[in-house]
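Undergrad: Take a look at the letters that make up each chain.
Number of protein chains: 2
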Amino acid sequence: MPARMSGPRRLLAPFAILAALLAASPAWAALPSWNAGAAKSAIVAFVTAVTSPGPAFVPEGERVAVFDNDGTLWTEQPVYTEVAFSLARAAELAKADPALAARPAFAAVLSGDRARIAALSATDLMELVAATHSGLTVDAFSAAAAQWLAQARHPQSGRAYPDSVYQPMLELMDYLRAGGFQVFIVSGGDRDFMRTFALETYGVRPWQVIGSGNVTEMVEADGGWVLTRTDKALGDDGPDKVRNLALQIGIRPIFAAGNSDGDLQMLQYATGATGTRFGLLVHHDDAAREYAYDRQSAIGKLDKALDAAGPAGWTVVSIRNDWRTVFPDEAR
Amino acid sequence: MPARMSGPRRLLAPFAILAALLAASPAWAALPSWNAGAAKSAIVAFVTAVTSPGPAFVPEGERVAVFDNDGTLWTEQPVYTEVAFSLARAAELAKADPALAARPAFAAVLSGDRARIAALSATDLMELVAATHSGLTVDAFSAAAAQWLAQARHPQSGRAYPDSVYQPMLELMDYLRAGGFQVFIVSGGDRDFMRTFALETYGVRPWQVIGSGNVTEMVEADGGWVLTRTDKALGDDGPDKVRNLALQIGIRPIFAAGNSDGDLQMLQYATGATGTRFGLLVHHDDAAREYAYDRQSAIGKLDKALDAAGPAGWTVVSIRNDWRTVFPDEAR
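First to last, the sequence lines map onto chains P and Y. Under full-length UniProt numbering, think of the first position of the first sequence as 1, with each following residue one higher. Under full-length UniProt numbering, think of the first position of the second sequence as 1, with each following residue one higher.
Derived by calculation from the structure, the hints in this document are not laboratory data. Among the clues, some could well be false.
Across the chosen pairs, the derived CB separations fall in these ranges [to be verified]: (1) Q147/P - E62/Y: 16 to 22 Å; (2) R159/P - E60/Y: 29 to 35 Å; (3) P311/P - D231/Y: 29 to 35 Å; (4) R324/Y - A96/P: 56 to 62 Å.
Derived, one-sided and incomplete: chain Y residues facing chain P with beta-carbon distance under 8 Å [as the list claims (entries may be wrong)]: (5) L199; (6) Q268; (7) Y269.
From a predicted model like this one, the values you see are computed outputs, not experimental measurements. Virtual Cβ for every residue (Gly too), placed ideally from N, Cα, C.
Produce the entire structure from the sequences given, and follow the hints as far as they go.
TA: This is how it looks when you write it as structure tokens:
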């Protein structure tokens, strides 16, 4: 097609008609990894309603969509990707610093012993995350994250982490953007960690990534100014997601997607007002192709939000039934 | 021109050539309110350098510009616009609430006596701002701000506040956007206050407005969910501007504009790294057309930042000399 597009303009008329036809049924072209069913139909009906003249129309500048990241856009099992990064980075730091290596949490990650690492307490993990996420410049942190992401592999699938994203959700973000939506990520993950891959992986610009983070301090270095990450962390989960997105976006979203109780308030806020609104919960029910977990899971627990979905009218997406393919490499 | 543009396509060729010529010299067309001089030349040279192939080229996604608001984009004398709003709103609240009206600060604004209002202490002002900025929903606050802005007039010029913006700065924002820049506002003002006019007045979307604000709380109301503004305020001045813009934008700006010592750190951060960067300070030196103030001013004090400008290579814009027109109504 591209070769013929460069021909004389009058030859383009048939293609223009074809393009118009495709534009008139964008879901057909835009959501190929979604199986036909209630979830896909609801998404298409929502986007059609808010983008078409009529009572549900929403002006383009007010079409704001927010997505959780871990478990909603990419795999969060068996550990959050950012925790995997923190463990790997902590081992590196311990290698270079005997005093650090003597501390129990660091000794565990340095040992590489999976059972010892799995037995780390929440306090241990916080010590490791504090060591890898604070006391360095924002640029150094981002560089370490990018370097790790470039070579790390998921322990079970063997995929690179940026390849562990959900193809149907990539298509959904594209479909929303094609409908004039501004797409934001609102995640419990560190925003600078996410920013190292969000543009390339999701097409989301750094300023549309909202997450947790460390308070920064500006310091003079080499005649210039840099930002260092202090040890004071700012959260972005549960109600904090709503606070942060309201402060940073300034418009109530009309679409929110999540997968766990940490997304409950964000979905309530996005859908808890008049007008046509959409709440989406990814339900991990596919042990064969991804993972199956919900109410009892230590990671990505989906319990209260699942109970809230019915009364609130949210769309619960079954990975097993609604997704034709899960990962991009299966779609190729 | 628009009428002729609707004619047959082949007639458009001459206009296309004209448009190309204009595009080749965008500053000529884009900055008409700027007098020829060092400031205008420096701006044009910077934008040309970072948008043209060569050693100073910056990819479009990294062209981030930040602007202070009060005194940089619009008049901040004799009082910040937001304080004028707060005083007017506090008087309204006191009218409806005798207990409030009995408090000295509220009694002063209720009296309408300019001398008494001018004599209010910082503590008094904080009490008034707390009353007008907290304890209500975000939507109610925004509605009150919009309502006030629609009818309020500047006490000396008689202009509506959205007409008290600087025409040359509007042109500068447009010029940067035409060069692929993302334009953000980073101001000590309340972000939800600014968001009520930023899009219409500056062409800046709500999520590109960074400012101070109150911590919010999500509460259930009428079967839906709303956000209320608590009395805990978050600042956005001086070093906080850098912290906030780093958290929210995620990319170090390559252009920063301000007018006071509250913008010092933001300019240092934007220009304090390698690569072609631009710092701009608006110097209020035009008592005839606007105001003249700098080192001794209670509002918009420009002292340390003015001293820093020379060594840092920032462009100090003289309103008197560099701006052909100051306000939009003078440009018509």
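Undergrad: Decide, hint by hint, whether the structure agrees.
TA: Hint check:
no. : hint                        : verdict
1   : Q147/P - E62/Y: 16 to 22 Å  : 20 Å, holds
2   : R159/P - E60/Y: 29 to 35 Å  : 30 Å, holds
3   : P311/P - D231/Y: 29 to 35 Å : 33 Å, holds
4   : R324/Y - A96/P: 56 to 62 Å  : 60 Å, holds
5   : L199                        : 7 Å, holds
6   : Q268                        : 5 Å, holds
7   : Y269                        : 5 Å, holds
Against the hints set out earlier in the document, no violation occurs for any number.
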